[in-house]
Amino acid sequence: MKLLGRAMEKDFWTEVREKECFKQYRENLLADWDSLMAEGDLRALRYSDWKMFFTTGNRTVYERAYSKHRLAMTASALLALIYPEEEKYINYLMDAIYTLCDEYTWCLPAHQPKGDENNNSHIDLCASGMAFYLAEIYTLLEDRLDPLIKSRIRAELDRRVFTPFLTEVPYSWWETGESNWTSVCTGSVASAFMLMKPDVARELIPRFLKSMEGYIRGFSEEESAEFCRLLRKARENIL
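Each residue of the sequence shown is one higher than the one before, counting from 3 in our numbering.
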């Protein structure tokens, strides 16, 4: 599947490294890197921070640490692509992925189903996005990631996203909803399947399209027609 386009070409990343039009982008990434280095090693997310939302309503403390993990992964992955000779970026990326795979759940506390039962494979906006990010990183950097890291990515994607999505039909309220959750979660889950399990993704296309068509039910007739046309075109370009 041609989901990542020119990002699969080494020449593209050479352009990102050398062209003036990407200068600000490079500087922003390097500033993120410096910030991460100044803050020290990544730490595990804490249960007390997770629990805080349910006891006080405070989301900030947990989500700040949660977001740092994701910045560590995305910034180091992009820098590893732009500066492949710098081993520090790919090594830090693998540390970040290892830490992310150790998280209890990729779902935010505010999105977690209520209850005291262990439920660490719920798919929300953030868990679906994480699946897409990891699938992209796996695809773009597969030849440079250690075997254990690749194995963990595959295993965690299966456990946290692919298996729950395939088991529960429809998955949660958002699959048949009409909000941005429907488009974001469906799009991210579909993209992860396309990159990691293309044969399964092809079988799921009717389900994905049904979900996206549900999302645009709230659009005007003209907007709906145009969106459906773009969906069909995207399908032709990707497969």
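FYI, nobody ran anything at the bench for these hints, they're computed from the structure. Backbone N, C-alpha and C fix where the C-beta goes; we use that ideal spot for every residue, glycine too. Some hints here could point you the wrong way.
Stated by the list, open to error - What follows is a set of in silico ranges between Cβ atoms, one per label pair, in the way DEER data are often shown:
hint	residue 1	residue 2	range
1	Arg231	Glu88	41 to 47 Å
2	Glu144	Glu223	16 to 22 Å
3	Asn60	Pro172	30 to 36 Å
4	Ala46	Asn182	28 to 34 Å
5	Leu150	Val202	46 to 52 Å
6	Ser37	Pro172	37 to 43 Å
7	Val202	Ser226	24 to 30 Å
8	Arg161	Arg8	28 to 34 Å
Hint check:
no. : hint                        : in the structure
1   : Arg231 x Glu88: 41 to 47 Å  : 43 Å, holds
2   : Glu144 x Glu223: 16 to 22 Å : 44 Å, violated
3   : Asn60 x Pro172: 30 to 36 Å  : 32 Å, holds
4   : Ala46 x Asn182: 28 to 34 Å  : 31 Å, holds
5   : Leu150 x Val202: 46 to 52 Å : 24 Å, violated
6   : Ser37 x Pro172: 37 to 43 Å  : 40 Å, holds
7   : Val202 x Ser226: 24 to 30 Å : 28 Å, holds
8   : Arg161 x Arg8: 28 to 34 Å   : 32 Å, holds
Going through the hint list in order, the structure does not satisfy hints 2, 5.
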